[in-house]
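Asker: Read top to bottom, the protein sequences are chains D and L.
For the first sequence, the working numbering begins at 107 and goes up steadily by one.
For the second sequence, the working numbering begins at 9 and goes up steadily by one.
Calculated from the structure, these hints are not laboratory results.
Mixed in with the good hints there might be a few duds.
As the list claims (entries may be wrong) - Straight-line alpha carbon distances no greater than 20 Å define the calculated DMTMM-like cross-link-like pairs of lysine to aspartate or glutamate that follow:
hint	chain 1	residue 1	chain 2	residue 2
1	L	Lys10	D	Asp228
2	L	Lys10	D	Glu225
3	L	Lys188	L	Asp357
4	L	Lys251	L	Asp235
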Amino acid sequence: MSLVTMRGVSKLFHRGSEDIRVLDALDLDIQPGEFLALMGPSGSGKSTLLNLLAGLDQPTSGQIAIGGDRIEAMSRRQLANWRARHVGFVFQFYNLLPVLSAERNVELPLLLTNLSKAERRDHVATALKIVGLAHRAKHTPRTLSGGEQQRVGIARAIVTDPTLILADEPTGDLDRKTGDGILDLMQALNRDQKKTIVMVTHDPHAAARASRILYMVDGHVSNEMAA
Amino acid sequence: MKLIPLILSNFKRHKLRTILTILSIIVAFILFAYLSAIRNAFRAGITVAGADRLITRNRVTLIQPLPKAYESQIEQIPGVSIVTKASWFGGIYQDKPQAFPQIAVDPDEFLQVYPEFILTADEKKAWDATKTGCIVGKKVAEKYGFKVGDKIPIKATFNTPKSGGSLWTFDVVGIYHGAKPETDETTMYFRHDYLEENRLRGEGLTGWYYLKIADPKKAEEIVRRVDERFANSPYETKTETEKAFMRGFAEQAGNIGAIVVFILTAVFFTILVVAANTMAQAVRERIGELGVLKAIGFTDGQMLGLILAESLLIALIGGAVGLALGASFVKKGDPTGGGLPAFLLPTTDFLMGVAFVILLGIITGLWPALQAMRLNAVDALRRE
C-alpha cells in the first residue's frame with residue numbers, strides 16, 4: 107500500500123487576472139521507504155508538489171492521502187499539527203535559527219510534542235549522533251561549516267521520526283564534496299532507517315542517489331525512471 | 009513553558025537594540041512613578057479632606073484675619089458641632105523660610121476636628137500643660153532630628169514678640185503621625201494662647217476657623233448661613249468645604265494633575281512608538297525563521313503567542329525595573345524639602361503602572377504577532 111497517494115491534483119495560482127496552472131491533474135504514488143527525486147526546469151511544479159506533500163499549501167482540486175490522512179481537507183491548525191508529527195524538512199539554505207545552538211535547533215520540532223526535557227535531550231543526542239555531529243551540539247550555526255549546518259538541518263528533520271522527509275535542493279548551497287557527504291547521509295537514512303524521502307533537485311548527480319526519479323514539465327510528470 | 013528559552017533566545021539577536029528599548033521603558037516608568045507621586049502630593053489635601061469639615065476665612069484673602077469673637081457666633085449656627093481657630097505663624101527655622109509651616113491652634117478642639125493626627129495620651133496631656141508646647145509631624149521630626157523635650161527657636165517674620173527681637177521658642181511635647189499615608193506630617197502646631205499673649209500686634213484676631221459639622225449633607229446650608237451671618241461686616245467671611253479649600257490651594261500652582269497627565273501621555277506615546285518599532289523590526293527581519301517554525305508545525309496560535317510573549321517580556325522587564333526604581337526614588341522623600349508633604353506613590357497608581365506595563369506589551373506586540381500568525385510559510389521561506 108502506498109504511503110502517499112495523489113489523485114487528480116491541480117494547483118492554480120492567480121497573477122492579476124491570469125490563472126497559472128502549476129500542477130495539472132497529477133496522479134502520484136510513493137511507497138514506504140522510497141527515495142524519490144523530483145527534477146525538472148524552474149516553474150515545472152516540483153517545489154509546489156513538495157509544498158503540497160508537506161501540507162504547507164493546499165491543492166486547488168484533487169486528493170492527497172499520506173499515511174491514510176487526507177490532508178487536502180485539513181484546516182490550517184490541523185495541518186500544522188499533522189506537519190509536526192509526520193513531516194521532516196531539509197532546506198536548501200539550512201534555515202537554522204542563528205541564535206540557537208545546534209542542539210536547540212534540533213530540539214525545535216520536539217517542543218511541539220509532549221516529551222519531557224530529558225526525553226527531548228535523548229532524542230536530540232540520537233539525531234545529532236546519526237548525522238555525525240554529536241561533538242558540535244553546543245555550537246551555533248555561525249561557527250559551523252555549510253555541510254555541518256545542513257547536517258544539523260537533517261538532524262532537525264529526523265528528530266521526531268517523521269513519516270516523510272522532504273528535501274528542497276539539500277545540496278544546492280554546497281560544494282560537490284560536501285554535497286556528496288549529505289547525499290551519503292540521506293541514502294543511509296533511507297537504507298538503514300527506512301525513511302521515505304522526497305527530494306527536489308536540479309542536479310542529476312544528486313538525483314542519481316534516489317531510488318526513483320520523476321521529471322516534471324509544465325505541471326505533469328513527463329518521464330519517470332528508476333535510478 | 010517549553011517555549012520560554014526560544015522566546016528568550018531572541019533577545020540575543022540584537023542585544024543593543026533590546027537593551028535600549030528596555031532602558032527607554034525603564035525611564036518611562038520611573039517618570040510615571042515620580043510624576044504620580046507629584047500629582048498625589050498636590051491632591052493629597054483634597055484626598056484626605058474630611059467631608060464633615062468646613063473652613064471659614066476672610067472673604068478678601070486667606071492672609072486677612074478674622075475676629076476671635078466670630079468663634080462663639082459660628083458655634084451657635086445649627087449643624088456646627090465644633091469651631092476652632094487657627095493662625096499662620098510664618099516663622100523661619102535655621103534661616104530656611106520653607107523648612108516647615110507653623111500653625112497656632114487650640115489643642116483640644118483642633119485634635120477633635122482632626123482625629124487623624126495621632127498623639128499619645130501623655131503627649132496630649134503635656135501639650136495641655138505646656139503653654140510653649142508644640143507638636144511636630146513625624147517627617148519634620150525625622151528631617152530635623154526633633155524629639156520630645158527639645159526647644160525649637162523660630163524667627164518671626166510678622167508676629168513680632170512683645171519681649172522684643174524676633175525669636176520665639178517652642179518646647180516639643182509630642183511627635184504626631186498621620187492615620188493615613190496621605191496625612192500631612194510636615195507641620196508644627198503650637199498653642200494659640202501662647203501666640204496671642206506674646207505677640208505685639210493682632211490682639212483679638214485669628215487667621216481662620218475650622219468647623220466640624222454634624223451632617224455633611226447639610227454643608228451647603230451651613231456654608232450659606234455662616235457667610236450670611238457676617239455679610240456686610242468689616243470682616244466678611246468665605247466658608248467652603250475643606251475639599252474645595254484644598255483644591256483651591258493646590259490649584260494656585262496651576263492644574264498640576266492635567267500637566268502631569270499631559271507629560272505622561274507624551275512619554276507613553278513615545279515609548280509605544282519605540283517599542284512597537286522594535287517589535288515590528290524584530291519580526292520583519294526574521295520572516296524566514298518564522299516560516300521555518302510554521303513549516304516545522306507551529307500553529308497560528310503558537311506564532312501569535314511567541315511574538316506577544318516576547319513583547320510582553322520586554323515591557324515587563326522594563327516596566328518592573330522602572331516601577332521599582334521609581335518607587336524607591338519616591339521613597340527617598342519629598343524632593344522639595346517640605347513643599348510636597350504627601351509625596352508618595354499610592355497603591356492604586358502603582359497598580360495602574362502595572363496595568364500600563366501589560367498594556368504596553370500587548371499593544372506593541374499585537375500587530376507583529378498578528379503578522380506572524382497570518383504568515384504563509386511558503387511565502388516566508390521564499391522571501392528568505
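Asker: It remains to establish, for every hint, whether it holds in the given structure.
Answerer: These are the hints, each one checked on the structure:
1. Between Lys10(L) and Asp228(D) the CA atoms are separated by roughly 16 Å; this keeps the pair inside 20 Å, and the hint holds.
2. At most 20 Å may separate the alpha-carbon atoms for a hinted pair to count; Lys10(L) and Glu225(D) meet this at roughly 13 Å.
3. With a C-alpha separation of about 16 Å, the suggested pair Lys188(L) and Asp357(L) falls inside the 20 Å cut-off, and the hint holds.
4. The straight-line distance between the Cα atoms of Lys251(L) and Asp235(L) is roughly 18 Å, inside the 20 Å bound, and the hint therefore holds.
Violated hints are absent here; each numbered hint is respected by the structure.
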